[in-house]
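Just so you know, the protein sequences line up as chains A and B, in that order. My numbering puts the first residue of the first sequence at 9, with every later residue one more than the last. My numbering puts the first residue of the second sequence at 473, with every later residue one more than the last.
Keep in mind that a hint or two might mislead.
[Said to hold, decoys possible] Listed next, the stretches of chain A that the computed footprint assigns to chain B, with coverage defined by at least 3 CB atoms under 8 Å from CB atoms of chain B:
1) 55-65
2) 77-86
3) 340-348
[Unchecked claim] Here are the in silico distance ranges between beta carbons for each label pair:
4) A:G57 to B:L659: 36 to 44 Å
5) A:G141 to B:E706: 33 to 41 Å
6) B:M721 to A:I56: 40 to 48 Å
7) B:A633 to A:W137: 36 to 44 Å
8) A:K12 to B:D729: 49 to 57 Å
9) B:F484 to A:L203: 52 to 60 Å
10) A:V207 to B:G700: 50 to 58 Å
11) B:L508 to A:R186: 36 to 44 Å
12) A:G370 to B:K681: 22 to 30 Å
13) B:F618 to A:G57: 36 to 44 Å
[Unchecked claim] Listed below are the simulated DSS-like cross-link pairs for lysine-lysine, each with C-alpha atoms no more than 25 Å apart in a straight line:
14) A:K278 to A:K208
15) B:K693 to B:K705
16) A:K277 to A:K353
17) B:K719 to B:K679
18) A:K208 to B:K693
19) A:K388 to A:K353
20) A:K55 to B:K476
21) A:K55 to B:K512
22) A:K208 to B:K726
23) B:K507 to B:K476
24) B:K719 to B:K730
25) A:K361 to A:K388
These aren't lab readings, by the way, just hints derived from the structure by calculation. Glycine included, C-beta positions come from ideal geometry on N, C-alpha and C.
The primary structure of each chain is shown beneath.
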Amino acid sequence: MEKKILFLQGNEACVEGALYAGLDFFAGYPITPSTEIAEQMSFRLPKIGGKFIQMEDEISSVCAIIGASLAGHKVMTATSGPGFSLMQEALGYAIMTEIPCVIVNVQRGGPSTGLPTSVSQGDVNQARWGTHGDHAIIALTASNHQDVFLMTVEAFNLAETYRTPVILLFDEVVAHMRERLVVPEKDEVSLVHRLRTSVKEGVDYHPYLPREDGRLPMSDFGGVHRYNVTGLFHDMWGFPSSNPGVVQGLLRHLMDKINNNTNRINRFKKYDLDDAEVVLISYGSSARSALHVVQNRRPRGERLGLLELQTLWPFPFDVVRDVCRNARFVLVVEMNMGQALQSVKLAVDEPGKVFLANRIDGSFITPTDIRNVLRVIQGKGV
Amino acid sequence: MPVKDYIRERFFPHLWCPGCGHGIVLNALIRAIEKLGLSKNEIAMVSGIGCSSRISGYVDFHTLHTIHGRALAFATGLKLGLPSLNVIVPMGDGDALAIGGNHFIHAARRNIEMTAIIMNNRIYGMTGGQYSPLSGYGTMATTAPFSNIDHDFDVVDLSIAAGATFVARTTTFHVHQLIDILQQAILHEGFSVVEVLSQCPTYFGRKNKMGSAADMMTHYKDQTTPIGSKAKKENPALIERGVFVQKEMPEYCKEYDKIIERAMGRSESTPIS
Ligand SMILES: Cc1ncc(C[n+]2csc(CCOP(=O)(O)OP(=O)(O)O)c2C)c(N)n1
Ligand code: SF4
Ligand SMILES: [Mg+2]
Numbered sequence: 009m010e011k012k013i014l015f016l017q018g019n020e021a022c023v024e025g026a027l028y029a030g031l032d033f034f035a036g037y038p039i040t041p042s043t044e045i046a047e048q049m050s051f052r053l054p055k056i057g058g059k060f061i062q063m064e065d066e067i068s069s070v071c072a073i074i075g076a077s078l079a080g081h082k083v084m085t086a087t088s089g090p091g092f093s094l095m096q097e098a099l100g101y102a103i104m105t106e107i108p109c110v111i112v113n114v115q116r117g118g119p120s121t122g123l124p125t126s127v128s129q130g131d132v133n134q135a136r137w138g139t140h141g142d143h144a145i146i147a148l149t150a151s152n153h154q155d156v157f158l159m160t161v162e163a164f165n166l167a168e169t170y171r172t173p174v175i176l177l178f179d180e181v182v183a184h185m186r187e188r189l190v191v192p193e194k195d196e197v198s199l200v201h202r203l204r205t206s207v208k209e210g211v212d213y214h215p216y217l218p219r220e221d222g223r224l225p226m227s228d229f230g231g232v233h234r235y236n237v238t239g240l241f242h243d244m245w246g247f248p249s250s251n252p253g254v255v256q257g258l259l260r261h262l263m264d265k266i267n268n269n270t271n272r273i274n275r276f277k278k279y280d281l282d283d284a285e286v287v288l289i290s291y292g293s294s295a296r297s298a299l300h301v302v303q304n305r306r307p308r309g310e311r312l313g314l315l316e317l318q319t320l321w322p323f324p325f326d327v328v329r330d331v332c333r334n335a336r337f338v339l340v341v342e343m344n345m346g347q348a349l350q351s352v353k354l355a356v357d358e359p360g361k362v363f364l365a366n367r368i369d370g371s372f373i374t375p376t377d378i379r380n381v382l383r384v385i386q387g388k389g390v
Numbered sequence: 473m474p475v476k477d478y479i480r481e482r483f484f485p486h487l488w489c490p491g492c493g494h495g496i497v498l499n500a501l502i503r504a505i506e507k508l509g510l511s512k513n514e515i516a517m518v519s520g521i522g523c524s525s526r527i528s529g530y531v532d533f534h535t536l537h538t539i540h541g542r543a544l545a546f547a548t549g550l551k552l553g554l555p556s557l558n559v560i561v562p563m564g565d566g567d568a569l570a571i572g573g574n575h576f577i578h579a580a581r582r583n584i585e586m587t588a589i590i591m592n593n594r595i596y597g598m599t600g601g602q603y604s605p606l607s608g609y610g611t612m613a614t615t616a617p618f619s620n621i622d623h624d625f626d627v628v629d630l631s632i633a634a635g636a637t638f639v640a641r642t643t644t645f646h647v648h649q650l651i652d653i654l655q656q657a658i659l660h661e662g663f664s665v666v667e668v669l670s671q672c673p674t675y676f677g678r679k680n681k682m683g684s685a686a687d688m689m690t691h692y693k694d695q696t697t698p699i700g701s702k703a704k705k706e707n708p709a710l711i712e713r714g715v716f717v718q719k720e721m722p723e724y725c726k727e728y729d730k731i732i733e734r735a736m737g738r739s740e741s742t743p744i745s
């Protein structure tokens, strides 16, 4: 069979990935630069018997997908900075109640209404710390449409595996740029389906008792097991509890199930890193310019390499430390004031050799921008 | 089925104060469900945060205790995701109409089938007695120490204006009427609103010198009257009780099923118009 090849926007690649992963419920509220996702969903979902609803705001959108997930659906919402800010309380609820869902944030310039139609990567730390309280989170990103597709499928897989919300942190350039997507054939990319309990009717089902492998089998609302779901600290039945042992146990479980699996959740790409003297670290659309610099300079004998991050959270500290060990310089390339930079500095043995090439004016960071910073670091003058 | 079979005994004792009206609502709701003969597996209760919202923990249904003000938004996703569920959404007055006011009017406008119960004690009970959008002008609260200058909503008028297709009001004193109204509301195919005046002796009662819980319930008896009664004509200050609106309108989930049929009938090449 011939492969299906499409020429489309990143937002549409995300839609394709979500549908491939089995998405059948979407709720959202329009906001640039994510709106095309909602528009496409309203057209595509009813065709496969799925459901789309435009809610009254982003708060209700994320609440609605959490509700639908409990009914057994694979669910997603999509937004941008202002809407993502509104979603934070319910995001914490999904973390606490361990309800799988996917939240897309197509980043634009912030804070506030900021730059609605311009690119930014300023929400990296918000994705990590936006909701209150100690918690762990998974956030993925991508620099091209093939990877937007794959990371979207990954997001659904990880959401089901770890019973957690997963954030897809795209940016305006990737979202609105058009390029080729080769749609994988059915079964080419493996999918994780919802793990449902095998406990029979009438037997006590514990919605919050992890199996030996750490996974928690679910039971759909409307099924034979009736249980309680609450954002309060709760015991294995879902009953509220303020027992210190229960509280501590649950919080540790929520952190450990993700942090202890960092190596499994980690997605990244390595380019020319083996002998690299200068290691570039980038992600999202910025990584396209960074890769261009590496590919352009290598033939001239400059030993540059690139680590492209696709999992931003949990941050791949070990991988970063490893690839930076022998580097003279590390250059983090991103479109913000240095958000991934902070984590990279934490990761490496010598933080003093880590520099930032960034742009914060709504313009896309170009290879020239990166080269200019490289020249300064390398003492070649401006 | 006896009432006890609908509750989760493991969850008791409940956290409500002695004399709180919310327990009466719980009792009436269970009796209404029992009379309708619904199976526990087909009922989902979705609530927010507040003393009233704790009701969901005590019943043996599929229960979702969510975040303050957003119960109807969660319920909308759950219902659209599984339209065969009977969805019941008990809310406090602050939960439903302050922080959750926007979700309330939009759920009513969509006419999505679910039963919204507003347990109106005219106060924020859970946080200790601050005024709510239903406290009303001239009342006292911990955040209105010199008396409240906020005007209140009329829940019935608001619900009707927002498009709810079943709207009723009663009180914790009128338990038989409450059971009857709840039955009708649950059976109604559309968005139904039941406002229940429910006493909070601990805060609203104490702050406003309303006496004991029994005094507050007697007050409900004296200050309310059936819709269109002679007493109402003579004394317009009386609050009317009963079913104000009950009408048929296309229900949201059923309408969406038609969208699916339309979308599936179309060929893939049809452009989006
Ligand atoms: C976002 C958010 N804001 C504030 C609160 C604090 N809070 C909890 S319950 C409540 C009000 C409860 O009043 P009401 O909804 O009338 O219910 P009642 O307790 O009176 O039954 C408030 C303000 C919260 N939990 N979440
Ligand atoms: S504070 Fe008021 S509303 Fe809350 S339980 Fe006590 S009496 Fe009921
Ligand atoms: Mg109240």
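Status of the given 36 to 44 Å range, CB of W137 (chain A) versus CB of A633 (chain B): holds (41 Å)
Holds or violated: K361 (chain A) to K388 (chain A), with C-alpha atoms at most 25 Å apart: With a Cα-Cα distance of about 17 Å, the restraint between K361 (chain A) and K388 (chain A) holds, given a limit of 25 Å.
Agreement of K277 (chain A) and K353 (chain A) with the hint, judged by alpha carbon distance not exceeding 25 Å: Answer holds: K277 (chain A) to K353 (chain A) is near 20 Å, not above 25 Å.
Proximity test - 8 Å, beta-carbon atoms, the segment 77-86 of chain A to chain B, at least three hits: holds (count 6)
Distance restraint evaluation - L508 (chain B), R186 (chain A), Cβ atoms, bounds 36 to 44 Å: Distance hint for L508 (chain B), R186 (chain A) is violated at roughly 55 Å.
40 to 48 Å as the expected CB spacing between I56 (chain A) and M721 (chain B), which holds or is violated: violated (28 Å)
F484 (chain B) versus L203 (chain A) beta-carbon gap, inside 52 to 60 Å or not: With Cβ atoms ~32 Å apart, the hint is violated.
Given coverage of the segment 340-348 of chain A by chain B, tested with a Cβ cutoff of 8 Å and a minimum of 3 residues: Coverage by chain B is violated here, the residue count being 0 at a Cβ distance below 8 Å.
Satisfaction of hint between K693 (chain B) and K208 (chain A), Cα-Cα up to 25 Å: violated (48 Å)
Given pair status - K679 (chain B), K719 (chain B), alpha carbons within 25 Å: Given that 25 Å is the threshold and the Cα spacing comes to 39 Å, the pair is violated.
25 Å limit on alpha-carbon distance, applied to hinted pair K693 (chain B) and K705 (chain B): Cα-Cα ~17 Å, so holds.
K12 (chain A) paired with D729 (chain B), Cβ distance criterion 49 to 57 Å: About 29 Å separates the Cβ atoms of K12 (chain A) and D729 (chain B), which means 49 to 57 Å is violated.
The structure does not agree with the numbered hints 3, 4, 5, 6, 8, 9, 11, 12, 13, 14, 17, 18, 20, 21 and 22 stated previously, though it agrees with the rest.
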